[in-house]
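Chemist: Based on the provided sequences and hints, a complete structural model is requested.
For reference, the chains in residue letters:
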Amino acid sequence: MAVAKLEQLSQSVVQGPSLATGAIPTKDWMDIPVVFKPGNYAFPAKKDKVEYLNSQSGLHFPNARDWSPEDDDWQLPENWKEIIINGLRERLEKFRSLKIFMDCCVRCGACADKCHFFLGTGDPKNMPVLRAELLRSVYRNDFTLAGKVLGRLAGAREVTPEVIKEWFMYSYQCTECRRCSAFCPYGIDTAEVTIVIRELLHLLGIGINWILEPVSNSNRTGNHMGLQPHTFKDNVEFLADDIENLTGVRINPTFNRKGAEVLFITPSADVFAEPGLYTAMGYLILFEHIGLDYTWSTYASEGGNFGLFTNNESMKKLNAKMYAEAKRLGVKWILGGECGHMWRVVHQYMDTMNGPADFLEVPKSPITGTVFHNAASTKMTHISEFTADLFKHNKIKVDKSRNDYLNVTFHDSCNPARAMGLLEEPRYVLKHVVNNYHEMPENTIREQTFCCGSGTGLNTDEIMELRMRSGLPRANAVKYVEEKHGVNMLSCVCAIDRATLTSLMSYWNPNVGVCGISELVGNAIVLDGENRAELDEGLRTLL
Amino acid sequence: MPTVEHNGKSFQVDEDGFLLKGMEEWNAEWVDYVKASEGISELTDEHQKVIDALQEYYKKNGIAPMVRILSKTTGYPLKRIYELFPSGPGKGACKMAGLPKPTGCV
Chain C
1 MAVAKLEQLS
11 QSVVQGPSLA
21 TGAIPTKDWM
31 DIPVVFKPGN
41 YAFPAKKDKV
51 EYLNSQSGLH
61 FPNARDWSPE
71 DDDWQLPENW
81 KEIIINGLRE
91 RLEKFRSLKI
101 FMDCCVRCGA
111 CADKCHFFLG
121 TGDPKNMPVL
131 RAELLRSVYR
141 NDFTLAGKVL
151 GRLAGAREVT
161 PEVIKEWFMY
171 SYQCTECRRC
181 SAFCPYGIDT
191 AEVTIVIREL
201 LHLLGIGINW
211 ILEPVSNSNR
221 TGNHMGLQPH
231 TFKDNVEFLA
241 DDIENLTGVR
251 INPTFNRKGA
261 EVLFITPSAD
271 VFAEPGLYTA
281 MGYLILFEHI
291 GLDYTWSTYA
301 SEGGNFGLFT
311 NNESMKKLNA
321 KMYAEAKRLG
331 VKWILGGECG
341 HMWRVVHQYM
351 DTMNGPADFL
361 EVPKSPITGT
371 VFHNAASTKM
381 THISEFTADL
391 FKHNKIKVDK
401 SRNDYLNVTF
411 HDSCNPARAM
421 GLLEEPRYVL
431 KHVVNNYHEM
441 PENTIREQTF
451 CCGSGTGLNT
461 DEIMELRMRS
471 GLPRANAVKY
481 VEEKHGVNML
491 SCVCAIDRAT
501 LTSLMSYWNP
511 NVGVCGISEL
521 VGNAIVLDGE
531 NRAELDEGLR
541 TLL
Chain F
1 MPTVEHNGKS
11 FQVDEDGFLL
21 KGMEEWNAEW
31 VDYVKASEGI
41 SELTDEHQKV
51 IDALQEYYKK
61 NGIAPMVRIL
71 SKTTGYPLKR
81 IYELFPSGPG
91 KGACKMAGLP
101 KPTGCV
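Going down the list, the sequences are from chains C and F. Every letter in the first sequence is one number past the one before it in UniProt numbering, and letter 36, counting from 1, is 36. Every letter in the second sequence is one number past the one before it in UniProt numbering, and letter 72, counting from 1, is 72.
FYI, nobody ran anything at the bench for these hints, they're computed from the structure. Since the structure is predicted, the reported quantities are computational estimates derived from the model, not experimental observations. There's no promise every hint is true.
Straight line, CA to CA, 25 Å or less: simulated BS3-like cross-link-like pairs of lysine-lysine [unchecked claim]:
id, chain 1, residue 1, chain 2, residue 2
1, F, 9, C, 46
2, C, 49, F, 21
3, C, 49, F, 101
4, C, 327, C, 233
5, C, 316, C, 332
6, C, 46, F, 49
7, C, 47, F, 49
8, C, 99, C, 47
9, F, 9, C, 233
10, F, 21, C, 46
11, F, 60, C, 233
12, F, 59, C, 233
13, F, 79, F, 49
Modeler: Now the structure itself:
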């Protein structure tokens, strides 16, 4: 699927029909069917992946089949309508939040132009209010008196195969980033609406491969990439070899070590793909520098949790292995790496799904003695909080000038920013390791940060144009600081970001690189006994 | 799933054009087919070395190697691998070698 040339796409975003340009749709939204064509949908989950997941304990992924969104007939199970209505009823009873979100929207439209997908595609159904309305209309029809009596007059409609197709289209053009929620006067979490729509679709065997394959990998090997224990260990050791080449210091990380004080968990992409690899090298250097008593795990070898993008069952199961491993190894607490959605799962869902983790201790930095009371329940602390605390207590020796080849800005990764309020710590760390730093415009950072455009498992290549469109608001803010201040490095604290912003930058702002914050920390650290070569590109230098 | 034909052989592929059954179905005709679609004019010993390295690693690990490991085992810097396989190590070389495409936060 070739992606449109930059000039074409920029013009199309600005001039194409949308409410933002004053174009008024000619038909009611309920009368506009979705049309699937190559490039506007992610590939469906492979049948064998769905079958595998369905065969696993605690998971239900029924109705595996070969199908394509372009097919007229999606081969829905015979009683599909009953499945959907019962599924919705069950969730309305189980999640009080969903019931409230279905009832309390006044359609004020505050969310409409806050969505990066709406801004990039101009498609009215990508206004968060309308995306939620796709489900609300069915809710009204079957669960409210007004809807039952007045039907379409009350904004109600019956669920049909066309509605199912529409759900698939637009629940996979939402990254659950929750920027819209930050502007909603009622605080409706529209991500939870998308989550429920995706859950309902899975009941009919409808999902995408880029999400279900990582989920099945993670269930099977412990991580999304599918790295087996010996491979995971080899990869981390390979990074230690690289560090030795660059700095002259040998680091010997440990794996599955019982009795370590801390279990460290990060996204598996950090030990597999660039530029995450350099972030992982940063972790290794930092832990060596402060003498942390920690272990990696080849079982809990994934921070991320694509279960969040799938359904509650799989999210719960994948999250549980982190705690099971912490218990097995007898660590005191868990230190989490630069992952995005892991923190939404840990901070907002873990405690009720798998908690309380009362077999662990409240995280306490063995270096500074600081107790992280904010993690009293989950027993899991973010690497940026941990590192910021180390800097506050002068426990890290750095030479900031080592990062002088960079001019850095910071992308608040959606979930750490909006789901756990991690706003100051990454900036505090950056202040201590870089000399050249500039913020993007204020309505594009912190709580109002713009998504990378490819989160929630939408980081797959076949929808590249959609990704470049939905990432445009973020890219545009980067372009601003690039032109005004000469920024050439976009830092972030999320593995999906590291992968997707790299594609986004190479398309919209090709002179800007992408890195994790720990890469910059690792590059600035002055290790004891180091014999560091001239590293023009920091930890990325090839010797 | 789609099927592609080449030199009288047919191959089942996924939507990305990767061999559905992977190395199980892999053979010289497949290499020849990918060669054409990748725009590689002639298959050299260097190409073969990359393919061998990928397959050997995959047999031991069930996944493609990280690119740096591929560079180390073949001795080719990333730039050279891109010269050999214009679509890159993942989409070009892995496809030709019959490996699946990695997924996740990549």
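Chemist: Please go over all the hints and tell whether each is borne out by the structure.
Modeler: Tested hints:
1. Pair hint residue 9 of chain F plus residue 46 of chain C holds up; C-alpha atoms about 24 Å apart against a cutoff of 25 Å.
2. Restraint check: the Cα-Cα separation between residue 49 of chain C and residue 21 of chain F comes to about 14 Å, which is no more than 25 Å; the hinted pair holds.
3. With a C-alpha separation of about 14 Å, the suggested pairing of residue 49 of chain C with residue 101 of chain F holds against the 25 Å cut-off.
4. Between residue 327 of chain C and residue 233 of chain C the alpha-carbon distance is near 21 Å, which keeps this suggested pair within the 25 Å criterion.
5. In summary, the hint linking residue 316 of chain C to residue 332 of chain C is supported, as the alpha carbons are separated by about 22 Å, within the 25 Å threshold.
6. A hinted pair counts as satisfied when its Cα atoms are at most 25 Å apart, and residue 46 of chain C with residue 49 of chain F does not qualify at roughly 31 Å.
7. Distance hint between residue 47 of chain C and residue 49 of chain F is unfulfilled; the C-alpha atoms sit about 34 Å from each other, more than 25 Å.
8. Our distance criterion of 25 Å between C-alpha atoms is broken by residue 99 of chain C and residue 47 of chain C, whose separation comes to about 33 Å.
9. For the given pair, residue 9 of chain F sits about 40 Å from residue 233 of chain C by alpha-carbon distance, which is inconsistent with the 25 Å threshold.
10. Distance check on the hinted pair: residue 21 of chain F and residue 46 of chain C sit about 12 Å apart at the alpha-carbon level, within 25 Å; holds.
11. Our distance criterion of 25 Å between C-alpha atoms is met by residue 60 of chain F and residue 233 of chain C, whose separation comes to about 13 Å.
12. The straight-line distance between the Cα atoms of residue 59 of chain F and residue 233 of chain C is roughly 17 Å, inside the 25 Å bound, and the hint therefore holds.
13. Only pairs whose Cα atoms come within 25 Å are accepted, and residue 79 of chain F paired with residue 49 of chain F is accepted, the gap being roughly 16 Å.
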